[in-house]
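J.: Sequence:
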Amino acid sequence: MLTFTILLGGIALGLFTIITLGGIVLSIVAVIAATNESVARRHYEHEL
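So that you can map any letter, position 42 of the sequence shown is 40 in my numbering, and since no number is skipped, the others follow by simple counting.
Simulated from the structure, these hints should not be mistaken for lab results.
None of these values were measured; they are calculated from a predicted model.
Treat the hints with care, as some may be off.
[Said to hold, decoys possible] Quick list of the computed label-pair ranges, beta carbon to beta carbon:
#1 E45 <-> F14: 44 to 52 Å
#2 I17 <-> E43: 37 to 45 Å
#3 T18 <-> R39: 28 to 36 Å
#4 I4 <-> Y42: 50 to 58 Å
#5 L24 <-> L46: 31 to 39 Å
No residue lacks a Cβ here, since even glycine has one placed at the ideal position from N, Cα and C.
Kindly produce the complete structure, drawing on both the sequences and the hints.
T.: Here it is in structure tokens:
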């Protein structure tokens, strides 16, 4: 029973870690994309 609980806890912890890391990566990617877009738009407007 104890082994099962530890296993379940490990799986839950692993899933939580993956979701958290995924969220961090997604937010970083979103920030980079937004920055690139605003820089590109400013550059494009400057060209006009």
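J.: All the hints need checking, so say for each whether the structure fits it.
T.: Taking the hints in turn, this is what the structure says about them:
Under the hint 44 to 52 Å, the C-beta atoms of E45 and F14, about 47 Å apart, fit the expected range. One distance hint, 37 to 45 Å for the beta-carbon pair I17 and E43, holds here, with the actual separation near 39 Å. Separation of T18 from R39 is about 32 Å and conforms to the stated range, judged on CB atoms against 28 to 36 Å. Taking 50 to 58 Å as the suggested C-beta distance range, the pair I4 and Y42 conforms, at roughly 56 Å.
For the pair L24 and L46, the beta carbons lie near 33 Å from each other, so the given range of 31 to 39 Å is met.
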